[in-house]
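Taken in sequence, the protein lines are chains A and B.
Under our numbering, the first sequence has 198 at position 198, and the numbering climbs by one with no breaks.
Under our numbering, the second sequence has 114 at position 114, and the numbering climbs by one with no breaks.
Since the hints were derived computationally from the structure, they do not count as laboratory data.
Warning: the hint list may mix true and false statements.
What the hints assert, rightly or not - Calculated lysine-lysine pairs in the DSS-like style (CA-CA distance at most 30 Å, straight line):
# : chain 1 : residue 1 : chain 2 : residue 2
1 : B       : K110      : B       : K92
2 : A       : K333      : A       : K164
3 : B       : K118      : A       : K164
4 : B       : K11       : A       : K293
5 : A       : K293      : B       : K91
6 : B       : K110      : A       : K293
Said to hold, decoys possible - A few chain B positions that, by computed beta-carbon distances, are all more than 12 Å from chain A:
#  : residue
7  : L12
8  : L18
9  : C21
10 : I30
11 : V55
12 : T57
13 : G74
14 : K91
15 : K110
16 : E119
17 : Q132
Keep in mind the model is a prediction, meaning the values are calculated, not measured.
Every residue gets a Cβ at the ideal spot worked out from N, C-alpha and C, and that includes glycine.
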Amino acid sequence: MIRCVAWLPSLLALINLMRPSFFHHLHPPTIPAPQAQWRYTLGAGGIAVFLVLVLIITGALEMFYYTPTPDQAAHSVQTITYHVTMGGVIRNVHYWAAQFLMILMTVHLIRIVFTGAYKPPRRFNYLLGLALFVIVVLINFTGYILRWDQGIQWALVVGTNLLKTIPLMGDYLYEILIGGSQPGSATLIRFYAWHIFGLTLLAVILMGWHIFQVRRDGGIAVPPPSLRTDLQRITRYELVRREVLAMLLTSTVLIVVAGFAPAPIAAPIEEITAFSSDSRAPWFFLWVQQMLKWGDPFLWGVLAPLATLTVLVLIPYIFPHPHESELGRWFPKSNWLARLILTMIAVLVLGLTLLGV
Amino acid sequence: MPEIPRRDFLKLITTTLLTACGLLGLDTVIRFLHSPTNSPPQTVFDIGAALEYPVGTRTLLPQIPVVLIHDENGFSALSLICSHLGCTVEKKADGFICPCHGSHFGENGKVLRGPAGKELRSLRVETTPDGQLHLFLN
Numbered sequence: 001m002i003r004c005v006a007w008l009p010s011l012l013a014l015i016n017l018m019r020p021s022f023f024h025h026l027h028p029p030t031i032p033a034p035q036a037q038w039r040y041t042l043g044a045g046g047i048a049v050f051l052v053l054v055l056i057i058t059g060a061l062e063m064f065y066y067t068p069t070p071d072q073a074a075h076s077v078q079t080i081t082y083h084v085t086m087g088g089v090i091r092n093v094h095y096w097a098a099q100f101l102m103i104l105m106t107v108h109l110i111r112i113v114f115t116g117a118y119k120p121p122r123r124f125n126y127l128l129g130l131a132l133f134v135i136v137v138l139i140n141f142t143g144y145i146l147r148w149d150q151g152i153q154w155a156l157v158v159g160t161n162l163l164k165t166i167p168l169m170g171d172y173l174y175e176i177l178i179g180g181s182q183p184g185s186a187t188l189i190r191f192y193a194w195h196i197f198g199l200t201l202l203a204v205i206l207m208g209w210h211i212f213q214v215r216r217d218g219g220i221a222v223p224p225p226s227l228r229t230d231l232q233r234i235t236r237y238e239l240v241r242r243e244v245l246a247m248l249l250t251s252t253v254l255i256v257v258a259g260f261a262p263a264p265i266a267a268p269i270e271e272i273t274a275f276s277s278d279s280r281a282p283w284f285f286l287w288v289q290q291m292l293k294w295g296d297p298f299l300w301g302v303l304a305p306l307a308t309l310t311v312l313v314l315i316p317y318i319f320p321h322p323h324e325s326e327l328g329r330w331f332p333k334s335n336w337l338a339r340l341i342l343t344m345i346a347v348l349v350l351g352l353t354l355l356g357v
Numbered sequence: 001m002p003e004i005p006r007r008d009f010l011k012l013i014t015t016t017l018l019t020a021c022g023l024l025g026l027d028t029v030i031r032f033l034h035s036p037t038n039s040p041p042q043t044v045f046d047i048g049a050a051l052e053y054p055v056g057t058r059t060l061l062p063q064i065p066v067v068l069i070h071d072e073n074g075f076s077a078l079s080l081i082c083s084h085l086g087c088t089v090e091k092k093a094d095g096f097i098c099p100c101h102g103s104h105f106g107e108n109g110k111v112l113r114g115p116a117g118k119e120l121r122s123l124r125v126e127t128t129p130d131g132q133l134h135l136f137l138n
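Model the full assembly from the supplied sequences, consistent with the hints where possible.
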């Protein structure tokens with residue numbers, strides 16, 4: 001113990017030597033103070049990046065024990081959860097970081113629309129953000145399926161059968177995804193490959209691009225200098241200090257939630273067609289499951305979610321943009337229509353989700 | 001015929017060739033991914049001797065999953081895979097209910113309540129000369 005403490009000054013000296021660190025290199029020298037506030041950005045984008053880091057680390061650790069075969073998968077998840085030292089914590093943190101990421105992405109999207117920050121030149125980055133949103137939903141779904149237990153059985157069957165309802169190319173798409181005419185070992189290894197590599201690689205590349213594009217577009221959206229009332233700026237040291245604070249808070253919340261609310265787990269699947277009463281979709285698809293109860297699967301399970309996404313894509317293209325002087329704050333008057341549309345979508349999705357809980 | 005400047009012509013050729021290469025590559029990847037490696041599911045089931053299922057009985061065979069019906073007309077079977085999106089339906093007092101989206105089917109497989117649009121599939125059952133029952137999924 002004493003020896004460790006003795007090492008501390010030299011360790012600090014080493015960290016000091018490394019300045020200006022790579023961490024600082026990622027930040028602009030200064031940013032406008034009024035927009036660097038929690039109540040403006042909600043810190044959503046930044047925390048989402050941190051959660052992705054947490055997911056990559058905990059996910060890599062899970063890979064040391066997880067076995068992607070139908071007869072081993074659920075058992076290996078049980079081994080990680082109940083047998084491996086600290087395995088339960090790692091898995092719960094991975095699970096909760098993934099769910100928080102979904103929520104923060106949504107909050108981030110709402111923040112962007114409610115502050116009108118998608119206005120050109122940030123329109124392209126808005127699209128990159130939406131693409132990331134879709135990919136993260138797919139990563140979450142494929143990860144959910146990797147449990148290969150009775151809790152995910154119907155989500156797998158329903159989710160993949162929905163592809164079959166697409167006219168002309170449906171069956172072909174289904175076979176590409178499943179690796180046969182019925183879910184089996186090829187399906188699990190395919191979902192595994194998409195989850196840990198294909199989709200994740202795509203997400204990491206898009207994430208880098210998304211962040212790069214923020215700086216390219218001139219940082220957080222603010223009015224031009226001549227229209228600003230507050231010209232104060234904060235330094236990158238202050239920005240990093242706030243980011244570290246956000247990371248510490250997020251880590252605390254993650255560990256506490258992971259300690260009290262374990263990730264779902266169920267008995268292994270015996271046979272893919274065996275009856276299972278656990279029929280609830282993953283929480284972020286409960287709204288789709290609710291719509292599927294209304295009838296035609298192609299209409300409610302494929303077209304309706306795609307239409308929702310299309311409306312989101314069109315927001316910066318068809319609705320009036322906020323005026324330049326209105327940038328950098330919440331609720332700019334001139335984009336009320338975009339805000340109304342997003343609110344309606346949010347209320348609809350939330351309402352349907354609550355019906356399905 | 002209008003003349004195309006040499007530069008534009010070469011550009012057009014380059015773009016066309018590059019696009020063709022890209023499409024060929026994409027086609028290769030799609031075909032590669034489409035190659036099925038799951039062993040095809042079993043389609044014929046030997047479900048034992050016909051004598052084990054007397055006239056007037058309905059037997060649940062959960063491992064297939066079907067209900068085997070033996071009435072005056074002979075043997076028939078009803079698939080328990082929901083015709084909506086493929087979940088396995090559950091036997092209730094008045095028919096079958098799908099746990100996923102709540103479709104309700106009657107004892108004979110007819111739709112009593114949606115979202116399912118089609119009735120439960122009727123499957124072919126054959127008796128072999130030595131009195132064994134064979135059930136066909138297709």
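Results of checking the hints against the structure:
Note on B/K110 and B/K92: the hinted pairing holds, with a Cα-Cα distance of about 14 Å set against a maximum of 30 Å. Note on A/K333 and A/K164: the hinted pairing is violated, with a Cα-Cα distance of about 44 Å set against a maximum of 30 Å. In summary, the hint linking B/K118 to A/K164 is supported, as the alpha carbons are separated by about 16 Å, within the 30 Å threshold. Restraint check for B/K11 and A/K293: the C-alpha separation of about 53 Å exceeds 30 Å, so the hint is violated.
Proposed proximity of A/K293 and B/K91 is supported: the alpha carbons are some 19 Å apart, at most 30 Å. Restraint check: the Cα-Cα separation between B/K110 and A/K293 comes to about 18 Å, which is no more than 30 Å; the hinted pair holds. Every Cβ of chain A is farther than 12 Å from the Cβ of B/L12; the closest lies at roughly 27 Å, confirming the non-interface assignment. B/L18, annotated as away from the interface, keeps every beta carbon of chain A farther than 12 Å; the closest lies near 22 Å.
Interface exclusion of B/C21 from chain A stands, the closest Cβ pair being 22 Å apart, more than 12 Å. Once the 12 Å rule is applied to beta carbons, B/I30 is inconsistent with being away from chain A; the minimum gap is 7 Å. Every C-beta of chain A lies more than 12 Å from that of B/V55, the closest at about 27 Å, which supports listing it as non-interface. B/T57, annotated as away from the interface, keeps every beta carbon of chain A farther than 12 Å; the closest lies near 20 Å.
Consistency note on B/G74: stated as away from chain A, and its beta-carbon is indeed over 12 Å from all of that chain's, at 25 Å minimum. The Cβ of B/K91 does not lie farther than 12 Å from every Cβ of chain A; its closest approach is about 9 Å, which violates its non-interface assignment. In this structure B/K110 is separated from chain A by more than 12 Å, as the shortest Cβ-Cβ distance comes to about 17 Å. Every CB of chain A is more than 12 Å from the CB of B/E119 (nearest about 16 Å), matching its label as outside the interface.
Under the 12 Å C-beta cut-off, the non-interface status given to B/Q132 relative to chain A holds; the minimum distance is some 22 Å.
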